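Take the sequences, apply the hints, and build the full model.
There are 2 protein chains.
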Amino acid sequence: MINNMEFSNLAKLYKNELLNNVLPFWEQYSIDRSYGGYFSCLDREGKVYDTDKFIWLQNRQLWTFSMLYNRLETREKWLQIAKNGADFLAEHGRDSEGNWYFALNRAGKPLVQPYNIFSDCFAAMAFSQYALASGDNEARAIALQAYNNILRRQDNPKGKYSKVYPGTRPMKTLAVPMILANLSLEMDWLLQSDRANAILDRTVAEVMEDFLDAETGLMYENVTPEAEHLDCFEGRLINPGHGIEAMWFIMDIANRRNNRDLINQAVDVVLNILNFGWDKEYGGIYYFMDVKGYPPQQLEWNQKLWWVHLETLVALVMGYRLTGREECWQWYQKVHEYTWKHFADPNYGEWFGYCDRRGEVLLNLKGGKWKGCFHVPRALYLCWQQFEEGEGKR
Amino acid sequence: MINNMEFSNLAKLYKNELLNNVLPFWEQYSIDRSYGGYFSCLDREGKVYDTDKFIWLQNRQLWTFSMLYNRLETREKWLQIAKNGADFLAEHGRDSEGNWYFALNRAGKPLVQPYNIFSDCFAAMAFSQYALASGDNEARAIALQAYNNILRRQDNPKGKYSKVYPGTRPMKTLAVPMILANLSLEMDWLLQSDRANAILDRTVAEVMEDFLDAETGLMYENVTPEAEHLDCFEGRLINPGHGIEAMWFIMDIANRRNNRDLINQAVDVVLNILNFGWDKEYGGIYYFMDVKGYPPQQLEWNQKLWWVHLETLVALVMGYRLTGREECWQWYQKVHEYTWKHFADPNYGEWFGYCDRRGEVLLNLKGGKWKGCFHVPRALYLCWQQFEEGEGKR
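Chains A and B, in that order, give the protein sequences.
Residue numbers for the first sequence, in this note's numbering: 1 to 394.
Residue numbers for the second sequence, in this note's numbering: 1 to 394.
It is worth saying that the hints were derived from the structure and are not from the lab.
In this text the structure is predicted, and so the values were computed from the model without any measurement.
Glycine residues also receive a C-beta, built at the ideal position from the N, C-alpha and C atoms.
A couple of the hints might just be wrong.
[Unchecked claim] Sample of chain A residues at the chain B side, in silico, Cβ under 10 Å:
#1 Y161
#2 T168
#3 C232
#4 R357
#5 L365
[Stated by the list, open to error] Output of the computed footprint for chain A on chain B, the stretches with three or more beta carbons under 8 Å from beta carbons of chain A:
#6 45–57
#7 112–124
#8 348–362
Right under this line is the structure:
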């Protein structure tokens with residue numbers, strides 16, 4: 001059994017890592033003072049190796065600094081960093097119909113079209129937090145516009161860029177209800193509460209009824225619109241990190257609604273996914289798996305990614321704090337040891353992102369096209385807070 | 001120095017592997033006798049694990065059996081296997097405008113739209129060989145229709161499915177001239193020779209002037225329309241296997257035209273790419289590299305793929321036969337040893353496709369979404385033929 005002292009030490013560990021090793025890295029190296037926005041392609045030591053601006057990561061960094069300003073401390077520096085991204089994004093991020101591009105060049109000219117709704121999702125999250133931090137009315141309007149875009153486009157997230165031939169094999173994907181659930185929580189201060197509640201009810205039900213498989217207890221990535229399984233690459237796909245991240249979103253919602261059964265069900269799923277997705281030979285959690293054990297189409301399937309492990313730590317500490325279930329703590333310790341050993345960088349700021357199956361660094365970077373200032377600081381912040389809250393209560 | 005005996009043994013090795021280990025695997029396990037077409041998702045022992053039909057691979061298998069019928073031996077069985085694919089593809093493979101889909105389900109219903117021209121490229125190759133084998137006039141018409149599709153769509157290969165925002169960063173890609181060069185050779189019996197020659201001249205010049213970098217001697221995957229380099233992920237990308245494959249296409253063309261300078265230039269490029277792309281720690285050729293040594297965006301960058309190594313063997317044995325350059329033979333021996341050790345399967349037919357950086361099997365399959373009956377038999381056939389021709393001449 002865990003004691004307060006251990007919680008207290010863990011809270012300190014996460015706090016120190018966030019405030020002294022991770023945030024300074026982004027504060028120092030990622031700010032583009034010439035054009036606005038952020039550099040995300042940073043090597044191990046923080047040197048910029050590519051200046052393209054990927055909208056997911058631009059918005060995620062804006063979210064991170066705004067969130068910390070809102071929830072942790074009103075540091076003027078953080079608001080300035082947020083403003084540096086928000087101004088750039090408000091000016092360059094959207095097409096004439098208000099859809100968010102996928103990528104811009106350094107100066108803000110569009111490179112990649114708004115080919116799905118995830119750029120809009122991260123824009124809604126980011127501008128909602130920034131509106132709260134800055135009191136800026138334009139930011140508020142941008143957040144609501146993006147949120148409405150997503151609702152409008154949710155049934156056809158890729159629009160005209162979809163390569164799927166209609167009708168042969170209808171399929172829906174976990175990412176859509178999962179992100180809508182998280183977004184509706186994030187934006188509840190901006191939305192009418194009955195509207196946000198209706199969306200939360202619907203998305204929680206969809207995740208836990210349609211994508212959760214009753215037999216295996218695993219979260220599927222793709223099912224038919226009627227929640228049937230599909231025997232094809234997409235239909236057999238399990239993304240352990242994604243399923244586990246979805247489960248802490250669900251725990252967060254269930255906790256606010258004081259729904260103990262739902263919390264316990266989400267914890268069950270986390271544990272099932274870990275039993276299925278843990279690499280028993282080398283440790284760590286696989287990136288992609290085929291539920292039937294067939295070869296997945298993703299060549300990177302057995303790699304160990306930072307976000308998978310960090311989201312798992314969040315889910316486990318949250319699950320343990322909310323339920324006290326011993327299995328959560330057993331798994332927490334195992335995943336903690338693996339994650340801090342392989343992803344933290346004792347020599348430079350921020351964490352490594354990509355390890356091979358054996359846990360050796362695969363890409364010697366701290367940021368790139370898909371890794372920015374988001375999963376590491378968010379998870380460190382959430383773990384720290386959970387340990388502090390847990391400490392008070394035990 | 002290599003002697004005739006060694007050439008003769010190598011010819012036998014490749015011949016035996018092709019005829020006794022590789023073709024029987026596809027003959028036995030890949031034929032869909034219920035719906036027509038081929039299964040490509042086959043596990044190590046040949047069991048079908050997925051029944052979707054990917055058009056690249058359907059057409060490539062049709063090409064392989066037709067080519068062997070045309071060039072090696074008029075085995076009735078091979079023509080029947082070809083016909084089983086050709087009939088299925090002619091009926092189900094194209095949309096109403098004659099564009100080739102990317103994927104169908106087992107019964108032939110479209111799953112993935114014709115989102116670029118590569119399906120059409122493999123259809124043109126396949127139906128051209130099949131028309132030659134069968135004398136079928138419809139097959140001939142289908143080949144020409146696909147070829148004309150490609151010429152029409154070559155400047156915008158992805159059409160309306162392109163996610164690139166027009167104008168910000170114009171870029172052209174090596175795959176287009178490379179495949180046009182190969183295709184025009186493949187189809188020369190069907191095309192008017194002045195037309196095919198003009199296309200060959202243009203594509204060879206484009207590959208060797210625009211994509212070949214004079215300074216490093218490396219083949220770039222993407223450049224501006226004016227052949228300038230671009231400092232972005234795509235612009236820094238080197239795909240060693242792709243560049244080397246392009247070079248044996250060029251040697252093949254140069255040999256028919258008796259252009260010794262061009263052959264030697266292509267050999268130089270193969271050697272440059274090998275020096276750059278060989279993994280000095282674990283052996284084998286990397287899949288993707290950044291020319292500046294930055295982290296590539298492809299997480300599978302350091303994996304070792306079957307086709308990369310097989311195309312390299314073809315290029316090296318062809319380069320050695322045509323030039324007698326000792327460096328080709330040194331490299332041939334090194335790549336031969338690696339390739340036969342890691343990809344050949346002494347216990348079952350066909351070869352493994354995907355190894356990790358250390359050369360351990362990453363996906364325990366013989367066929368999948370991208371690996372079918374093509375690179376292994378084509379390379380085995382070409383190496384065998386090169387060794388036999390070399391033997392006679394030395």
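Outcome of the hint check:
no.: 1; hint: Y161; result: holds (6 Å)
no.: 2; hint: T168; result: holds (5 Å)
no.: 3; hint: C232; result: holds (6 Å)
no.: 4; hint: R357; result: holds (7 Å)
no.: 5; hint: L365; result: holds (4 Å)
no.: 6; hint: 45–57; result: holds (count 3)
no.: 7; hint: 112–124; result: holds (count 3)
no.: 8; hint: 348–362; result: holds (count 4)
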